[in-house]
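Please arrange chain V on chain Z, whose structure you already have, making use of the hints.
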Amino acid sequence: MGRVVLDDAAIRRALVRIAHEVVERNEDVARLYLVAIPNGGVPLARQLAANLLEIAGHELPVGVLDTTLYRDDLTRRGERPPLRRTEMPSAVDEKIVVLVDDVASTGRTIRAAMDALMDFGRPRAVQVVALVDRGHRELPIRIDYVGKNVPTAASEKIVLHGHRGTLEPPLEVRVEAREQG
Amino acid sequence: MIGRDLLGIEDFDRADLERILETAAHMQEVGLREVKRVPTLRGRTIINLFFESSTRTRTSFEIAGKRLSADVINFSAESSSLSKSESILDTARTLDAMAPDAVIVRHKVAGVPKRIADALDAPVINAGDGAHEHPTQALLDLFTVLQEKGRIDGLTVAIVGDITHSRVARSNIYGFTKLGADVRVAGPPTLLPPAVESLGVKAFTSLREAIEGADVVMALRIQSERLQGAYVPSVREYSAMWGLDRAKLRYAREDAIVMHPGPINRGVEIAHDLADRRPSVILEQVRNGVAVRMAVLYLLAGRAQAGQEGAR
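Here the protein sequences line up with chains Z and V, keeping their order. Once you know that position 114 of the first sequence is 114 in the working numbering, the rest is easy, because the numbers rise by one and skip nothing. Once you know that position 217 of the second sequence is 217 in the working numbering, the rest is easy, because the numbers rise by one and skip nothing.
This is chain Z alone, in the form it adopts within the complex (with noise of 0.2 Å):
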C-alpha cells in the first residue's frame, strides 16, 4: 500500500545528517534545546538527542509543546481535537530552540508551536526540522532542516509507519492515496 520514500536505515542516516548540519549551524551547541510536537516529534528529538550526544558531547534538554490551543482552525470545527502533553523541563530564555515535527506542509503547526514557544519566554532563535517536508506551504515559513522533501498531490497523505507509542524513531514513510470524502 503506497510507496515508500524512507525506510529505517533512511530514517536512521537522515537523523544523523540533521544532527551534523544542527552542530555545524550553531556553535554554541549548549545553547541548543530540542522541542518536540507531539506526538509525531518526540521520538525524532529524543533521537536527535542521541545523535548530539554522540556528535558533540552535549546532553541536551528535550521539550514537547502541544500547539493545539493554538490553532487556528478552532472555531471552524464541530468537534475540539484531543489536547495532548506539554513539557518544557527547562526555560526557553536565550536558548536556540530547534523545533522537531515530523511532517511539514501548510506551515500553519509551526506557526502555532512559535507562538506557544514565546508564551515560555524569548528564545535567541528558532529553527525547525522536519523529517518530511511534503510542500504545500501556506504562511511564509521556511523548515531549517530537513530529512527528506517529498513533492506530494493534494491527493496523497504522508503515514508514518512503526513503532507507534513507544519512543522509537519511525521504521518507515510512506506516501498513501487519501480516502476519499
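FYI, nobody ran anything at the bench for these hints, they're computed from the structure. Careful, some of the hints might be misleading.
Computed footprint of chain Z on chain V; a stretch qualifies when at least three of its residues, placed anywhere within it, have a C-beta under 8 Å from a C-beta of chain Z [unchecked claim]:
(1) 14-24
(2) 191-200
(3) 291-302
Stretch by stretch, here's where chain V covers chain Z in the computed footprint (C-beta under 8 Å, at least three residues) [unchecked claim]:
(4) 54-63
(5) 77-86
For each residue, glycine too, the CB sits at the ideal point set by N, CA and C.
Coordinates of chain V only, in the frame set by chain Z:
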C-alpha cells in the same frame, strides 16, 4: 457524546467524563506556566448569567474564560421577579441578540438552564440550578479525587449532610457512580431523599457506618435555614452528629481525603482544624475548578455549528 450544552452529569457517559478530565489535566499545565493564557478562544464572548449570587463559581468561570483569551461578561440579574418564566426567556433572548459563544447560567430554580438552552443558539453551561445539578462542581471533585488517588474506579466515596437539597450531591452521585466508585450518602433521615438508593448509592443514617473504610469523605454545606427546627433540632445537634472532625474521621481509611464544595460553615459541617489542613483538599478543589472549567469551555464554547464547518 458531548453535545452542545452542559446541563447535568446525568447526560454524560463514562467516555465523556474521561475526555473532560483528560482535557482538564492539560489545562492544569497551562495554569502552571508563567504566561497563564492561551489564545484558544480569542475573540469569543462568554456570558456569566447568574440569577443567584455566587462569587466563587462565577470567578472560577471568569478566570477559566480569560485564560483561554475569551471576553467574559458578568451579567448578574436580580432574582426577585425572575422566577416568572417570561422574564427569564426575555433575558435569554436579549443575551442571544448579543451573539455570545457560551452562556453560563446559575438559577435557584431547577430546570432554568435547560429552558434557556432551548431558547438560545449558544451552548449553555449549568453553574447550578436549584437542587438539580451543579455539573462543573462534580467534575472538579472527580478531577481532584483522580489527582489525589490516581483512580476513581473501586474507591468508596461517602457524601455526608443535606443530600435532599444538594445539587452538588446529585451531580457527584452521577459522576462517581458512572466512573465506577462505590457511593454512600449519609445524613439525618429528614435530609435523605426517600428513593435515593435508586440512583445506585447506599444510604446511611449513621456517620460512622457511612465513612467506615471510605477513601473520600465529602461534607456538604448545610443552609442555616435548615438548622432551625424543621429538619434538624439545632446547629449543635447537627454538628455533634454530622460535623466532620479528626475523631470521627478515624473510621474512614487512614489515607482518606476530606472534601467540601464550599463555602464552609466552620464548626458546623466541618471542624476548624480539619478544614484548614490535610487530609482536607478544599483549596485543591478550588484550584482544580479553574482547570476543569477551562476544559469545559474548550470543549463547548464557540464551536462551529453543524453545516458551517470549515474545510480541513
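Here is what the structure says about each hint:
| no. | hint | result |
| --- | --- | --- |
| 1 | 14-24 | holds (count 3) |
| 2 | 191-200 | violated (count 0) |
| 3 | 291-302 | holds (count 3) |
| 4 | 54-63 | violated (count 0) |
| 5 | 77-86 | holds (count 9) |
Hint violations for this structure: numbers 2, 4, all remaining hints satisfied.
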